[in-house]
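Asks: Letter by letter, the chains look like this.
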Amino acid sequence: MVLVRGHSLLGAILLCSVLLLVSSNEVGLAGKVLVFPYETDFSFVTLKPRMAMELRAFTLCLRVATELPADRQIILFAYRTADYDELNVWRERDGRVSFTLSGDGVFFHLPPITTFRTSLCLTWETNRGLAAFWVDGKRSSYQVYKPGHTVQPGGTVLLGQDADKHLGDLEATQSFVGEVTDLNMWDHVLSRSAIQAWHYGHRVPEGNVFAWASIEYAPSGNVLVVDDD
Amino acid sequence: MVLVRGHSLLGAILLCSVLLLVSSNEVGLAGKVLVFPYETDFSFVTLKPRMAMELRAFTLCLRVATELPADRQIILFAYRTADYDELNVWRERDGRVSFTLSGDGVFFHLPPITTFRTSLCLTWETNRGLAAFWVDGKRSSYQVYKPGHTVQPGGTVLLGQDADKHLGDLEATQSFVGEVTDLNMWDHVLSRSAIQAWHYGHRVPEGNVFAWASIEYAPSGNVLVVDDD
Amino acid sequence: MVLVRGHSLLGAILLCSVLLLVSSNEVGLAGKVLVFPYETDFSFVTLKPRMAMELRAFTLCLRVATELPADRQIILFAYRTADYDELNVWRERDGRVSFTLSGDGVFFHLPPITTFRTSLCLTWETNRGLAAFWVDGKRSSYQVYKPGHTVQPGGTVLLGQDADKHLGDLEATQSFVGEVTDLNMWDHVLSRSAIQAWHYGHRVPEGNVFAWASIEYAPSGNVLVVDDD
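Residue numbers (this note's numbering), protein chains in the order written: chain A, 1 to 229; chain B, 1001 to 1229; chain C, 2001 to 2229.
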């Protein structure tokens, strides 16, 4: 236990160092794809939001592809504050996709995430707690999840790794391998037609939390930025 | 046994009370979706038909989505008179969809009902007993079922629960979880082109038994009425 | 053994009687579907060709739907002369579709035949022995089968049953249950564009061996002729 804690502490120090080292953010990924080529416990990309992420509603969209086997847990999006996993999206070992707001999550049966690009959006609002995934523009069945909740500001968004167990404790077996592109996030729920427009690559108002074309990001470890072709 | 019967009786009394309590029907669900967020034995919606349901033919259409696992029995539509399950539609444990008219049913191999919306119609007429499901506008193979039969009037339509074993004996493990919208029912068999028009959201004559836009309904328990988006 | 042969002989006599009894053919099935509602060993439809079926090439097209389970053998088309199964099409127990010309067959991996209508064509010509199935207008890979062979005339085409083991020995477990419509057969290989036109319901020259709109047929047992809707 002491050793594990010591290891976690070391991890935390390393991650903090890394986050400092990569603090020179780069800006803008229009027409680019992030490629995570290997399973590692050290490759990730931090994303800097355009506003404090105190959210009572949101739409998160990204395009994702992976060669990982269907029964491998995968972190798809991790937003963590000092104490909590504020907002995580996972592909679970049983194939379901989960969405968690600082605590137990809610699980959705979606089509498999494959080597072909899936466009994946997640909408949630605090009023009635209506949560849904949108796969290639089609909405899942609503689930009611944490009405009244507010996502807390002041954390860090990571792609590629989950740092939630202990700050900085990254696990290769949960890491993302594959491609991510066109991530956008809005502080409100987009309409069906807006989500479908985004899916088909039509022009929609860019995200006011994250906008891929002008996103501030910092890659670390083995991550490639390549042309989307 | 006595205890179970006592429980059923209690359930019957409770259901009757509930049905009385919810007798102040609401009207019209145009652009709305019914969301049954959790597995319960107390959440349902009663629907009041526009005419006595003495039917020698019908078309029943609805759009449905669910997160329930593929091997879970699900009640999709239940019309019950005092003594009989007059007209039920089930998703069975083996994935087939069944249609019963007061007795043993007939089973169809349809594509799975998933988290994405399926448009599902059922047509039947007494003359030759031709029964078919229509999934997203495509007709299943006909099956011959109860030629000569007449659906009896005077019952209650329930969404979300099956009350058929004993009046009021609702079982959580058969309950519906997910979304239902755009339910319409006609007292005749619609043509292929009319069913396809309904599927694609084009204008068709509204149901004369049930018409979603002007439907009289009474939700009970944990059921949400949300905008369809 | 003797009893079985006796049974077969009796069956042969019965079938011959039936074929005589149903010799008053009906004509024309435009806009109609043949529905075989139950598994039987006595329901079938005989088809009378427009020409002697001495064929050195052919295209056979039909639309078919079934509720039968995926691992059930199904006879789809049976043309038998006195001594041989001249031309049979089967859905095999392993899901493959087979084509036999008086002897061992050739097997194709096609999409499953389901409760929704599949349009299925089969082309073959004796010159190179090129055989292919066409599913909803898409051609399978060619297989080379019996170059030099000629289909012999003078037999009977049956839908719904296979009478090949012994003349008149019908087996319920091989019978067809479901729907057949729009069967056409030509004495030559149709072009891709003609097959696709047929699939989409466009006008193509009707079959000169069988033409659904003017087909001579004789239903026997439990077979329904219903409007195609």
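Please note that the accuracy of each hint is not assured.
[Unchecked claim] Using 30 angstroms as the maximum straight-line C-alpha spacing, the simulated DSSO-like pairs for lysine-lysine come out as follows: (1) Lys1146/B <-> Lys138/A; (2) Lys2146/C <-> Lys1138/B; (3) Lys2048/C <-> Lys2146/C; (4) Lys1146/B <-> Lys2138/C; (5) Lys146/A <-> Lys32/A; (6) Lys1032/B <-> Lys146/A.
[What the hints assert, rightly or not] Stretches of chain B that chain A covers, calculated by requiring three or more beta carbons in the stretch to come under 8 angstroms of a beta carbon on chain A: (7) 1065 to 1077; (8) 1155 to 1162; (9) 1221 to 1229.
It is worth saying that the hints were derived from the structure and are not from the lab.
All C-beta atoms, glycine included, are put in the ideal place defined by N, C-alpha and C.
Asks: Work down the list of hints and note, for each, if the structure agrees.
Replies: Hints versus structure:
no. : hint                    : verdict
1   : Lys1146/B <-> Lys138/A  : violated, 38 angstroms
2   : Lys2146/C <-> Lys1138/B : violated, 38 angstroms
3   : Lys2048/C <-> Lys2146/C : holds, 25 angstroms
4   : Lys1146/B <-> Lys2138/C : violated, 38 angstroms
5   : Lys146/A <-> Lys32/A    : violated, 35 angstroms
6   : Lys1032/B <-> Lys146/A  : holds, 22 angstroms
7   : 1065 to 1077            : holds (count 4)
8   : 1155 to 1162            : violated (count 0)
9   : 1221 to 1229            : holds (count 3)
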